[in-house]
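So the sequences go chain by chain: A and B. Under this note's numbering, think of the first position of the first sequence as 1, with each following residue one higher. Under this note's numbering, think of the first position of the second sequence as 1, with each following residue one higher.
Calculated from the structure, these hints are not laboratory results. Be a bit skeptical, because a hint or two may be false.
[As the list claims (entries may be wrong)] Derived list of chain A stretches under chain B, where covered just means 3 residues or more per stretch with a C-beta under 8 Å from a C-beta of chain B:
(1) 35–46
(2) 277–289
[To be verified] Reference excerpt, derived from the structure (chain A facing chain B, CB under 8 Å, subset only):
(3) D3
(4) L98
(5) A99
(6) T199
(7) P200
(8) D202
(9) E207
(10) T208
(11) I292
(12) D293
What you are looking at is a predicted structure, and each value in this text was computed from that prediction instead of being measured. Even glycine gets a Cβ: it sits at the ideal position worked out from N, Cα and C.
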Amino acid sequence: MTDPVYILLYIFLFPGFFFLFAYAFFLSYLDRKIAARMQQRIGPPIFQPFADFIKMLGKEVINPHGVDWRVFDAIPLIALAAVMTAFLYVPVTGASPLAFPGDLVVVLYLMALPTIALFLLGWLSRNVFSAMGGVRAVTQLFIYEVPFFLALLTPAIMAGSWSISEIVRWQQHNLWLVFFQPIGFIVAIVGLQAKLERTPFDIPEAETEIVAGPWTELTGRRLALMHLTTEVSLVVGSALMAALFLGGPILPWTLSPQWLNGAVGFCLFLAKTLAILFVLSSITVATGRLRIDQLNDIGWKYIASAALVQVGIVLVINFLWVTP
Amino acid sequence: MPEVVIPIGPHHPALKEPVNFRIIADGEKIVRLELDLSYNHRGIEKAAEQRNFIRVLPLLERVCGICSHSHATVFAKGIEEIMGLEISPRAQYIRTIIAELERMHSHLLWLGVAAHEIGFNTLFMWTWRDREAVQDTLEEMSGNRVHYGINEIGGVRCDLTPAQIETALARLPDLEERIKKYVDMVNSEETLLIRFRGVGMMSKEEALKYGAVGPTARASGVDYDVRRDDPYLAYAEVPWKVITDTRGDVYGRTRVRIGELWESTQIVRSCLENIPAGPIRVDAPKNAPKGEILSRYEAPRGELAHFIRTNGTDRVERVDIRSPTLANWTSVAMCLVNQNLADIPVIIAAIDPCLSCTCRMVVINQKNRMNVTYMKNKGIALDPGGRLNGRRP
Chain A
1 MTDPVYILLY
11 IFLFPGFFFL
21 FAYAFFLSYL
31 DRKIAARMQQ
41 RIGPPIFQPF
51 ADFIKMLGKE
61 VINPHGVDWR
71 VFDAIPLIAL
81 AAVMTAFLYV
91 PVTGASPLAF
101 PGDLVVVLYL
111 MALPTIALFL
121 LGWLSRNVFS
131 AMGGVRAVTQ
141 LFIYEVPFFL
151 ALLTPAIMAG
161 SWSISEIVRW
171 QQHNLWLVFF
181 QPIGFIVAIV
191 GLQAKLERTP
201 FDIPEAETEI
211 VAGPWTELTG
221 RRLALMHLTT
231 EVSLVVGSAL
241 MAALFLGGPI
251 LPWTLSPQWL
261 NGAVGFCLFL
271 AKTLAILFVL
281 SSITVATGRL
291 RIDQLNDIGW
301 KYIASAALVQ
311 VGIVLVINFL
321 WVTP
Chain B
1 MPEVVIPIGP
11 HHPALKEPVN
21 FRIIADGEKI
31 VRLELDLSYN
41 HRGIEKAAEQ
51 RNFIRVLPLL
61 ERVCGICSHS
71 HATVFAKGIE
81 EIMGLEISPR
91 AQYIRTIIAE
101 LERMHSHLLW
111 LGVAAHEIGF
121 NTLFMWTWRD
131 REAVQDTLEE
141 MSGNRVHYGI
151 NEIGGVRCDL
161 TPAQIETALA
171 RLPDLEERIK
181 KYVDMVNSEE
191 TLLIRFRGVG
201 MMSKEEALKY
211 GAVGPTARAS
221 GVDYDVRRDD
231 PYLAYAEVPW
241 KVITDTRGDV
251 YGRTRVRIGE
261 LWESTQIVRS
271 CLENIPAGPI
281 RVDAPKNAPK
291 GEILSRYEAP
301 RGELAHFIRT
311 NGTDRVERVD
321 IRSPTLANWT
331 SVAMCLVNQN
341 LADIPVIIAA
351 IDPCLSCTCR
361 MVVINQKNRM
371 NVTYMKNKGI
381 ALDPGGRLNG
391 RRP
């Protein structure tokens with residue numbers, strides 16, 4: 001397990017960055033295709049997200065007047081690096097070799113970084129639409145982040161570990177956590193949708209109100225990298241959901257040859273992330289955009305309360321389970 | 001947060017046409033609105049004075065891309081009245097059918113745009129797909145999708161064949177089913193209700209005071225429709241009813257428009273089934289006698305009025321177009337105050353603005369500029385800051 005070549009292959013080739021990008025483009029394609037079919041459109045061809053990425057990389061980079069271009073260049077890179085790192089701790093074919101106690105917190109932290117990056121971009125752009133979008137992004141962050149963290153805290157409490165791989169292993173011996181915490185799962189899905197800024201939570205980039213929000217002044221490779229960040233976040237988010245609530249990429253029993261375990265695990269990973277993606281796409285298609293004050297009401301009144309109730313339930317279950 | 005000026009337009013994704021709003025906002029609340037229209041003045045009224053009646057109809061059709069038939073019909077109607085022509089019933093029916101099909105495609109388009117403004121793109125895609133059925137029918141009847149060019153002074157340009165009537169009737173049941181589906185969606189879709197209810201409120205008194213017209217006024221409970229109150233074409237002979245709503249918000253305007261969609265399908269059906277036989281055109285004289293007329297018409301967006309003055313030649317001396325959007329702007333400026341910034345697109349979209357029809361040339365008379373005393377004497381209301389619609393006089 002500690003073979004450095006294996007670790008390097010894990011990080012860069014599979015299931016690390018190479019696979020991550022490929023899968024991110026594929027999920028993005030599927031997302032667009034599903035939405036298109038539901039809206040009675042044809043949708044993009046399979047390589048469209050990749051083609052878009054390459055095209056945008058080749059476009060001219062425009063520096064808004066009076067903006068520090070070094071910071072402007074760095075922020076998308078930092079955001080992308082953060083979500084790419086987060087993916088390394090999420091189990092794909094089995095437990096991640098880089099797992100350590102507490103990696104769940106690191107992943108959550110790294111996943112919050114793109115939103116902060118968007119806020120900074122908006123603030124630096126010296127553009128009224130970008131600034132408003134940035135402020136909205138952060139306001140929204142304060143609304144969904146608390147219930148999202150609480151919802152992801154419940155699996156950790158139940159499994160008694162802050163490590164994603166440990167939580168997956170716990171589910172291997174017991175039941176999937178979604179059966180214990182359906183409320184937490186729903187809250188987490190809603191939180192993920194908000195984190196990815198998809199309808200009904202696309203408030204920061206509401207195109208009919210503030211053009212593209214923080215994205216307005218992004219051009220060329222910066223735009224490409226920010227798009228890639230969102231796509232990678234989609235992979236990390238759905239993989240995280242699959243690992244924490246749907247049992248992750250592990251079967252409840254072990255198969256005889258070692259490689260078969262990994263292969264089956266990988267197939268499970270694909271199936272579960274695709275299922276999560278389907279749910280996310282359906283929400284996107286079926287809703288309109290909320291207003292930030294309405295989201296504030298709903299978020300704190302209902303979603304946060306639901307998450308708290310879920311934490312309470314889990315504490316009670318844990319107490320009853322352990323005591324006798 | 002201090003007051004910020006947010007420029008919307010003349011180029012902005014929320015707008016399909018050029019207009020400039022300067023929104024003065026305090027955080028996410030709108031303090032006031034400054035409007036700058038007229039980015040696309042085309043001088044149509046002046047151009048209309050240079051052409052004879054045959055050539056002026058296609059020009060007036062191009063005032064608007066959505067209600068093209070409205071402008072042509074209201075002008076033809078006025079000129080025919082001045083000339084004292086009796087239009088055959090069949091021509092009246094054909095004009096009515098086209099008018100109601102136009103209302104259907106306009107309202108379907110509006111529903112999609114309103115949904116898009118709140119980010120609900122599924123409804124947008126669906127309504128625009130269904131709009132295609134209406135467009136196809138229009139194309140079959142007139143040969144064109146946008147500028148139908150079916151009007152002539154004295155009647156209509158082309159007749160409906162029995163086959164055309166049959167295909168048009170065959171398309172209606174599908175459309176009716178889809179419209180029922182939209183009624184359902186608008187009544188039950190949660191995000192749509194949250195975003196539309198209580199937004200852009202306008203009471204009946206305000207609607208009357210600010211001179212709102214069309215669905216905007218009817219949603220506030222103003223029971224007024226030119227089609228019923230000053231019947232023209234075949235509206236007096238077909239069964240239909242005026243849709244009103246008492247809510248006065250964007251939701252009410254949505255319900256009124258969807259109700260009108262349904263009424264339009266019924267009018268079209270009834271007209272297609274009972275279309276009388278006869279000629280479609282009478283010969284019109286070349287010149288019109290001297291006269292003045294205010295010709296009114298219920299366009300999809302509200303009451304459209306053409307003031308026409310003729311002087312005994314083959315062209316008009318003056319045609320003044322009062323498009324419904326022009327009548328509705330004041331109500332928008334009023335509705336927006338104290339609303340949320342995020343609601344700007346949907347409140348503006350709720351009157352179904354058609355900007356290029358609205359463009360007017362403004363001549364500022366430097367000598368007699370309005371000042372506060374003048375306005376007080378004239379009884380023009382000012383807010384405590386001494387502003388009229390946000391602009392310092």
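Inset, instruction - Kindly indicate which numbered hints from before are broken by the structure, ordering the numbers from low to high. - result: 3, 4 and 5
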